[in-house]
Structures are given as C-alpha cells and as structure tokens.
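One line per chain: the protein sequences are A and B, in this order. Heads up, the first sequence stops at 545 in the working numbering, and the numbers go up one at a time, no gaps. Heads up, the second sequence stops at 545 in the working numbering, and the numbers go up one at a time, no gaps.
Quick caveat, the hints were computed from the structure, so don't treat them as lab data. A couple of the hints might just be wrong.
In this list, chains with the same sequence are indistinguishable; a pair is considered to hold if it fits within one copy or across any two.
What the hints assert, rightly or not - Here are the simulated SDA-like pairs of lysine to any residue, each with C-alpha atoms no more than 25 Å apart in a straight line:
hint, residue 1, residue 2
1, Lys362, Ala326
2, Lys267, Asp41
3, Lys536, Gly313
4, Lys90, Glu514
5, Lys503, Thr78
6, Lys309, Leu25
7, Lys123, Pro43
8, Lys536, Pro522
9, Lys483, Ile131
10, Lys511, Pro522
11, Lys434, Val37
12, Lys309, Ile393
13, Lys362, Ala24
14, Lys123, Leu545
15, Lys466, Glu79
16, Lys1, Glu51
17, Lys29, Arg367
18, Lys536, Asp518
19, Lys503, Arg86
20, Lys511, Asn219
21, Lys511, Thr77
22, Lys536, Glu514
23, Lys503, Pro216
24, Lys536, Glu206
25, Lys127, Leu32
2 protein chains.
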Amino acid sequence: KEQRARQRLPVVPLGIERDEFLKALSELKETLGNEHVEINDKPLQDGWYMEHPNTHDMMTILDDEEFVASAVVYPSTTEEVQEIVRWANKYLIPIFPISMGRNLGYGGAAPRVRGSVTIDLGKRMNKILNINAEDYTCLVEPGVSFYALYNALEERGLRDHMWIDTPDLGGGSIIGNTVDRGVGYTPYGDHWACHSGLEVVLPTGEVIRTGMGALPGNNTWQSFPYGFGPYSDGIFSQSNFGIVTKMGMTLMPNPGGYESFMYTFQKEEDLAPLIDIIRPLRISNILENVAQLRHVTQAIAASGLPRTKFYSGTGRIPSDVIHAAAAETPVGDYTWAYYGMSYGPAHIRSHKLALIDAEFHKIPGCRKIDPSTLPADEYFWSRDRIAAGIPDIHELRWVNWAPNGAHIAFSPVSPIRGADATQLFELGKAVQDKYGIDFFPAFCVGLREMHLIVEIVFNRDDPEEKQRALRCLREMVDLAAAKGYGEYRTHLVLMDQVAGTYKWNDGALGKFNERLKDALDPNGILAPGRCGIWGKRYRGFGWEL
Amino acid sequence: KEQRARQRLPVVPLGIERDEFLKALSELKETLGNEHVEINDKPLQDGWYMEHPNTHDMMTILDDEEFVASAVVYPSTTEEVQEIVRWANKYLIPIFPISMGRNLGYGGAAPRVRGSVTIDLGKRMNKILNINAEDYTCLVEPGVSFYALYNALEERGLRDHMWIDTPDLGGGSIIGNTVDRGVGYTPYGDHWACHSGLEVVLPTGEVIRTGMGALPGNNTWQSFPYGFGPYSDGIFSQSNFGIVTKMGMTLMPNPGGYESFMYTFQKEEDLAPLIDIIRPLRISNILENVAQLRHVTQAIAASGLPRTKFYSGTGRIPSDVIHAAAAETPVGDYTWAYYGMSYGPAHIRSHKLALIDAEFHKIPGCRKIDPSTLPADEYFWSRDRIAAGIPDIHELRWVNWAPNGAHIAFSPVSPIRGADATQLFELGKAVQDKYGIDFFPAFCVGLREMHLIVEIVFNRDDPEEKQRALRCLREMVDLAAAKGYGEYRTHLVLMDQVAGTYKWNDGALGKFNERLKDALDPNGILAPGRCGIWGKRYRGFGWEL
Ligand SMILES: Cc1cc2nc3c(=O)[nH]c(=O)nc-3n(C[C@H](O)[C@H](O)[C@H](O)COP(=O)(O)OP(=O)(O)OC[C@H]3O[C@@H](n4cnc5c(N)ncnc54)[C@H](O)[C@@H]3O)c2cc1C
Ligand SMILES: Cc1cc2nc3c(=O)[nH]c(=O)nc-3n(C[C@H](O)[C@H](O)[C@H](O)COP(=O)(O)OP(=O)(O)OC[C@H]3O[C@@H](n4cnc5c(N)ncnc54)[C@H](O)[C@@H]3O)c2cc1C
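Excised from the complex, chain A in its bound form:
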C-alpha cells in the first residue's frame, strides 16, 4: 500500500479543544509516565500482522483516517486503568480499550469514534498470572496471546498435559478474542463458554471481580464461573460496559491422541444433504470440534497466490478457473472440504471415524483425503495444527488474493440445516455476484448452530473497491436479517446496522442495552458505539453509521 502523509491533521476528540486535550494528556503523563502516553500525530503505518498498528485498522474499509485514535496510552496495572477511566470522565474524552488490536476483519485496533484515546492494554499488561495444572485453568492479562500461552505451557513442560484452543490466527489476545466471543477449533472452541472469572474496571472507575473472584481468599475463581447472585460476565462481552483486566480460562486435558481428517465433496448442491448429515453427528459429539466446511475458492486463495495468477478478468472468478486450479493441487478438484479432528485413543477414534465415514459417503462423489499424500505446506496441516490447539498464521495467506489485501467478514448464524445453509449460500453468492466480488464461504459448525463466515478480500488502496465491498456487505446483512439470520459478531463499521436487525418488539433489547449503558457509564465515555450501543451523551446526534 502506498504510504501517504496525513491529510486530516492530528485528530482531537469531538467536544474538547486541542489545547485542553493536550493539557489533559499532560496530566495523564504524570500518572502513567511520559513514555506511556503517545499522541497519534505521525503518518499511519499499516505494518503487517505481527507488527500491526494500534492507532487504526490496518485493514480499514473506510478512509484511512476515519476510525483513528487521537492518542494511545499504556497502563501497566489495573489501578492505572482505573486512573485512565477517571481521567476520561473528568474531561469527557472517549476511550477505547484494546487488548492486542488484532481484531482483523472486525475493525482491527481501530476505535469506533474518531479521536478516541486508545487504551492499549496488552503492551504492558501481558502476564500469565497463573497456570493451574491440577484444575486445567489459567489466569491471564490482556496482552497474553494464544502463542504466548502455548509457549508458556511448552516452557513449563505442560504442553503434553493440557491444550489451549486457538482461533485461525494465533497472534491475537486471548482476552480480546474471548470478549468479542471469538471461536477456535478444538472441543473448547466456544471461548466465551470456556472462560471462568473476570476482573473488570467499570466505566466509572470501580473494579469488580465476577464469579468466585468476589470471595476473598477463594481458590475457585477459574474453576466455577458463576459464583453467587447475578452472573454478570456476559454483559462485558460484545459491549462497552467495562474494561476486562484479567480473565480466567479453562484448558483442555490432553485427549490421549488425535487425528485430523478431510473429506471433499464434488458439487455445490452437496451442501444441503451434507449439512443435514453433519447436524446429528455434531450434536452427538461424534464430530467433536468446531469444524470447517470450506468452499474450494478459498482453498485456492489459501495457497497464498494472488488472484491475478489465476484470472485477470473482472466479476467473480469463473468456477471453471477455480476447478481447473483445484485439479492441479495435491487434493484434486472438489467444491466443499470438511476439515475435522477426532480425539482420544486410537480405538475410541476409530469408532467415531467409522460412523463419520459411513455417513459422509452417503454423498455421491465424497472422497476421504489421505493426509500422507499431502505436502507439508498444504492448508490441511494448518487446520490440523489448529484443531490440536497449536497456534498458526497460515490462514493469513488468502488475504494476498487482492493486492494490498485486506478483508472484512459477513458472519450470519443459522441452524445446522441444509435448507438454511443453501439459503445463506445462495444469498451471499447472488449479492457478491451483483457487486462482482469473489465468494469465499466457510461454515464453522458449532454445537447446534453454525456461523457462515464469508470473507470479502479487497485492495485497501482502492477506494472504489472498498466502497463496493461495504455496500455489498450492507446488502447481505439486510437481506439475511429479512430472512431471520443475524450476525454473531461484526465489524465496527457495521455495528449499528447489525444491532438494528435485533429489533424484536420495537427494539426492546437495544433500549435495554442503552439503559444498562447509561447506568454504568453515565458520561458515555467507554467505547461509544461499540456493538451499536451509544451512551445518552451521544444519542440523537447522528453518530450511527
């Protein structure tokens, strides 16, 4: 991407004069130390995944300078986070907490409100506070990545004793991913369900510990999530009601063996019968992990080669081009690939694998791929690592599909039912065809539901392509909602729209969220607009997008 000088000057939060803002920052420097308060006045560098910026989204779909921070601050303790929150209330400055800021596809490190002060929690609060090998749990700070936890287990000789669960990319923050309700691919893939215990700084500066954490001297904060009384953890996920400074996470015992498998299916129309075969196997835990059913187009892109290597025309890349490319790969040609893993000792696995094999083979043309025929850099092996809780970054490769590749996701939830899968697949394909965008659908199969993840890859140096991608997304969101499908998570820029689709009974849930927001954050300073929730100081001024 071409490097430009900044056009729109250093940014200052709305409602405060520049001088007053600088004075406020000086005050904060006295609390945090000079070097821990950085004004964002240099050109915006996108870097790459491992060296990503914390001032903005390295994959922005808007104008580069739209969702940018005015400053970034680096607390080192919970008390310092409290100080920052009190400071924000004093000056009515919007603050936006990130753990590591690798929320790519959903907004990266960017704040929702231009000129917010970003609290980069992860840089200095990055300790693994506890690893408990008896209870199979850990307690982490926001800066602990999946890689870091994995490495710590390895260093302590515990890697064979217990596993972590990792999303497709291992460089994100465990806390950041979990509070955004991200998913991984072992049986512990539902990260929110697997956490136990939070420490949260409230938007007014107080700090609470949830669950058993509220009981002094307890030794169950990480093993019993609920505690006594209202179980409030959930309102701190996908919200702007608090800043999570510590989180407990449960870890999976080594299952005593594991084995990846891959099945391919030839025809697009195999989707519906296949999904109907998957459902009972998944709910019965014969298919044990959050597995992926991927379309061949994304697999070709996962080679890491740019689209131009395959095709130079406009519009969606023709099917025959994709199938021709697939035929050249070690896997051979197909349309859908199911990547799964079976866990446990060999004789236990063979029971499950035999059931799966018999069921999958009911689809004509189904092929079981023999892993020993696949070279070491085949995408299959990345899925194999991830389903065994080994962090990876192979998945980044398909972002190279476009020059200056960036991506943004459409992620609607549906039951695990063939009819729903087909409906969402056709909807996505039709809308993306209309906008001439290549279609990368992947179904992540949870326990009773699946997320269809459609990644739009775009050139972040091409304003027209960005606009097209965004219009396409907005259309898919609305059409899906009209059919009863809603997003499980979304990008900053779509949050108001997506929240608006959850509108039963005249938007009762949204109003309820606003009521909680106003009670907990009377000045509305914390991450205004995140997940479509605006404090009363912001409502009615047209902040929604």
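Keeping the supplied structure of chain A fixed, place chain B with the ligands upon it in accordance with the hints.
Coordinates of chain B with the ligands only, in the frame set by chain A:
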C-alpha cells in the same frame, strides 16, 4: 405437623394501607379475572411435595407466618405478567415471581419480603411451546416441570431420540430450577449452561427476548445462546432483575447406551485421595456426569425410615449405629459411595469403566457394587434413573429422618481437591456436632468444581430445632467464607449473609448489583432482597437478615 389457626392476621405489604391494598387487588382482578387473584387469608397448609402451597415455604425454618404472600396472582400470558408489573409499580407493591414454587431447601414458594404478592407463573403458563427433534432443543413456559417435559417426549415418541436432564426431584419447574442455577446429573447437568434464549419481563414492564430471540423471524433462538451484543441472560439468574416468561433448553441426544455404576469406600479418610483421583477423570470426561459422592448417613436416611428407628439419643447419631445399619443393607457397610454413569455403546463404555475401575481401586477397601444384587427400591436405582434423565422423587425419602421433616442446605463450592474436600467436611462435621445435628454431606462433582451439599433435616414443628439449624448454618457459612469457600446458591433466609461473603474490594460486586437493580427496577418492586439485592427504596431500613 399440627395445623394452627393464623396468628398474625392476613398480611398486607408494608407501606400500603389494607383498604388501599384491597382496592389495588380489585383493580388487578379486572385485568386477570376474579378467580386469578387470590388473597392469602386462610390457614397455611403445608401439604406435601406434589401438593405444595404457593403462599409460603412448606419447609419453613422461620416462624410459619414470616415469609408469606399477601396474595397470589395467576397470569396466563406474558402480557398479563407485564400488566401485573405495571400495577405493582403503580401501587409500589412488592411482587415475587415463582415458576412452580418447589424450591425446597432454598425457600420453597415463599417470598423474601413478608406480604409480597406472589406471581404464580406456572399454574396457567405451563405450555411446552416447541420441541425441536432436529436441533435437540425445546422452548418452555414457567409451569413446565421436568416430569411434564419427559412425558411430552414420551408421548411424541421422542424419548428414545433425546433425553432431558433432571435434578434429584422431577416435580420442579425447568425455568425455576435453571434461573436459580440448579443442577442435574447427566452430562447436561449444568442447566444454566444448557439453556438457550430467554423472554424476560423487566421490572418496569417492558419485555425483551435475549440472544437470537431479538431477531424477528429467527430460527436459532434455541440453538445459539449469545446473539449479538452484550449477552445479558446471566443477570437474570439468581437475581431480581426480571421475570422469565419463556426459556429455551437444549436436550441431550440419546447416547446410544448407558450404564450406572456404584463404588463404595470404607473409611472417612478415603475422601481426600478419592477426590484427587476423581479430578482428572472428571475434567477429562471419563467420569462424564455430575456425579455424587455420598456419605453413608444420608444413604441410611434415604431408606425413608425415621431416625428414631435407629437411635433415640440426642447429638449426632453415633457412627457405629450408622455402620451397623449399613451392614444390614444389600450394599453392606461403607462410608462413601460414588454414584456415576457411563454413556455410549458398550465398547466405548468399557474403555471408560476400565480406567475408572483401575483408578478407584487404588483406594484400599474400594468395592464395586454389582447392581444385580440390589433390590428395586434401593437408592442406587433412583440415581440410575436420574443419571439417565428420568424424573424421580425417591430423594424425598431422607426428609422423613425427622418428624414433620423439612430441610435446608449448606452448599459451598470448592475445587475438586482432596485437601479442600477434607477441610469442608471437617468444618461441617465440627459445627454440626457442636449443634448436635446429624451430618449428611454429599459432594456433587461438576466439571472443575464441586458443590458440597450438606442437608440439615429438622422438625418444622419444633421452634427450638429450627433455630438451632439456622444458627448452625450461619456459623458454617461464615467459617467457610473465612477459608475462601462460598455458596453456589442459598436459602432466602441466608441470602444477605451469603451475598455479604462475596465482598472483595469493599463489596464492589454487591454495589454493582445494586446499580443494576436501581437502573432496571427504580421502584424496587421485584423480589426485593432476593440473592441479597435490595432496591434503593429498601436499602438502609434494616431489611437484611
Ligand atoms: C485470516 C483471519 C482469520 C481469522 N480467524 C478467526 C477465527 O478463527 N476465530 C476468531 O474468533 N477470529 C478470527 N479472526 C479475527 C481476529 O483475528 C481474532 O478474533 C483475534 O483474536 C482478535 O484480535 P485480538 O484478540 O487481538 O483482540 P482485540 O483486537 O484486542 O480485541 C477485540 C475487540 O474487543 C474489545 N476488547 C478487547 N479487549 C478488551 C478488554 N480487555 N476489555 C474490554 N473490551 C475489550 C475491543 O473493542 C476490541 O476492539 C481472524 C482474522 C483473520 C485476519
Ligand atoms: C430432596 C430434595 C432434593 C433436591 N435436589 C436438587 C437437585 O438435585 N438439584 C437442584 O438444582 N435442586 C434440588 N433441589 C431443590 C429444588 O427442589 C429444585 O431446584 C427445584 O427444581 C426448584 O423448584 P422450582 O423448579 O419449582 O423453582 P421455583 O421455586 O419456581 O423457582 C425457584 C426460585 O427462582 C425464582 N424464579 C422462579 N421462576 C422465575 C421466573 N420465571 N422469573 C424469575 N425468577 C424466577 C424465584 O425466586 C423462585 O423462588 C432439591 C430439593 C429437595 C427437597
């Protein structure tokens, strides 16, 4: 229990004159119909489990007329619940919702504040709104009991297709049990974790649907719990923030076979090593269900015979009496019994059962009981039914231990660790010895934590015995908290005390709960005091017990 005339007159909520109250009730009769508003002016009948009262606790530990309703109302729809809530706000009358009111051991049907108007949701709102055999889910109203759901599956020919999970007693409400975070004994035993989607009437009268329920036309309300944005379900459990009018529940696929097992251990001191053996087996899902480790005393009581059949002295019943009685039973003498179940086809079960057998036999004197030697009314068979999701009421029998038997529970949470188990066991035994109360400890082993459930059985016609039981409980709660152990759930009368033990950081969590309470229920009318949370209209007037 002797039937007495009422001493303390019909009760009226504090802060309203009797005439005004009667006028208010007449107004409500116009909305609900005459027969659906009942003033509580007749003698208080305790009935028995299947015909329990809804005006008070049939097992009260306080004076009979202390925690009693002024009236009971019977809504038939969510809209009527909204009307009742608006009415309560208009007259500032405390209301207390129950689903079926069988919360025995934790307060039964009683309201926390004397003279509250009880909303008996279950009587008329008792429909199973949906059973989805494809997704293995259902949607129920408050009056659906575990028995009712079980029978419905049977009637629809689905009993072989999927299982429910039931607590020890099957007559309770699925919603009531789940919002109080009750537990059952199949792998779906953590009811809160297994629910998906709520409809809630807020204390100000609005109604929301959580999760995917907020998306009009969705078909995922019961299969994806989180939806988009803050996941607020948790704050409606163990709280007084809303009235749940519908709830989704996931059901377990028939595992393809099952097999109960029972092991006994001879010595009290076997507890610690046994618990340490259980922990890794449980976390690895070799021990698959919420299983119970029970002390022989309770097993003797579970025969249903009164204590006087065994012993007529005071103080804790001597160990040798219990062991002599145990020696006469088909199981023979022991101190601890582990009741578990293994699921799946026979060859899968045998893998797990062999591991368990080898581990348990590390404890000298361990015996595996052969079920074929046990008569049909042995307690074992009740555990067998319950672990297979078949509702039961055998468990009621030990309540006969005392004349006019009633009970109340002490239920602290600990890690699954021998040292903790011993510490709690010794603590409970010492305190109960001090008060001369028989000791019924049972450990319910969750996934990474266990609840020790200590049931105190008392004569509810003996004021001295009741006082003694309560003083004993209060002492156990405080001593346990001082060592870092907190209750997972508690009786109405102990709620303030237990909430008070969750006091980290100057009671920050309690203050946070009050902040939510005031925001959602500005008049504080909904279930004041439940789980130790009082609205601002009640705080500072000494309502706490
Ligand atoms: C190729 C590719 C594949 C991906 N695959 C997956 C996948 O498989 N599964 C998946 O879940 N995601 C996936 N993602 C998305 C993303 O990379 C991960 O979810 C990543 O872990 C999120 O970034 P992070 O953990 O650094 O969180 P952050 O960016 O630090 O946090 C995410 C957001 O949560 C909020 N937040 C963060 N920390 C706190 C806190 N302490 N208190 C309060 N609020 C906070 C903030 O609003 C923040 O913007 C993928 C992305 C790409 C590019
Ligand atoms: C011998 C014995 C054994 C037991 N074993 C178990 C066991 O194994 N596991 C277990 O969990 N319990 C057990 N219990 C306790 C109790 O019987 C069950 O939990 C029972 O299911 C609770 O009663 P209920 O379902 O009728 O709920 P209710 O009494 O209707 O509800 C419980 C409480 O929740 C609140 N509530 C209810 N409905 C709503 C609503 N719709 N909206 C808002 N708040 C509401 C109210 O405050 C109410 O008091 C046992 C009791 C006995 C006597």
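Status of the hints after comparison with the structure:
1. Lys362 <-> Ala326: within (23 Å within a copy, 56 Å between copies)
2. Lys267 <-> Asp41: So lysine 267 and aspartate 41 fail the 25 Å test inside a copy (52 Å) and across (72 Å) alike.
3. Lys536 <-> Gly313: For lysine 536 and glycine 313, the Cα distance exceeds 25 Å both inside one copy (49 Å) and across copies (67 Å).
4. Lys90 <-> Glu514: both (22 Å within a copy, 24 Å between copies)
5. Lys503 <-> Thr78: between (36 Å within a copy, 18 Å between copies)
6. Lys309 <-> Leu25: neither (49 Å within a copy, 78 Å between copies)
7. Lys123 <-> Pro43: within (21 Å within a copy, 67 Å between copies)
8. Lys536 <-> Pro522: Result: close both inside a copy and across copies, 8 Å intra and 18 Å inter.
9. Lys483 <-> Ile131: Classified as between: cross-chain Cα gap 22 Å, same-chain 45 Å, threshold 25 Å.
10. Lys511 <-> Pro522: Close inside one copy (15 Å) and across copies (16 Å); limit 25 Å.
11. Lys434 <-> Val37: This pair counts as neither: shortest intra-copy Cα distance 46 Å, inter-copy 60 Å.
12. Lys309 <-> Ile393: The answer is within: 22 Å in one copy meets 25 Å, while 70 Å across copies does not.
13. Lys362 <-> Ala24: neither (67 Å within a copy, 66 Å between copies)
14. Lys123 <-> Leu545: neither (30 Å within a copy, 46 Å between copies)
15. Lys466 <-> Glu79: neither (41 Å within a copy, 47 Å between copies)
16. Lys1 <-> Glu51: within (15 Å within a copy, 74 Å between copies)
17. Lys29 <-> Arg367: Neither way: lysine 29 and arginine 367 sit 62 Å apart in one copy and 68 Å across, limit 25 Å.
18. Lys536 <-> Asp518: both (6 Å within a copy, 17 Å between copies)
19. Lys503 <-> Arg86: between (34 Å within a copy, 23 Å between copies)
20. Lys511 <-> Asn219: between (38 Å within a copy, 23 Å between copies)
21. Lys511 <-> Thr77: Only across copies: lysine 511 and threonine 77 sit 23 Å apart there, 34 Å inside one copy, limit 25 Å.
22. Lys536 <-> Glu514: both (8 Å within a copy, 21 Å between copies)
23. Lys503 <-> Pro216: Between copies only: 7 Å across, 41 Å inside.
24. Lys536 <-> Glu206: So lysine 536 and glutamate 206 pass the 25 Å test inside a copy (20 Å) and across (20 Å) alike.
25. Lys127 <-> Leu32: within (18 Å within a copy, 58 Å between copies)
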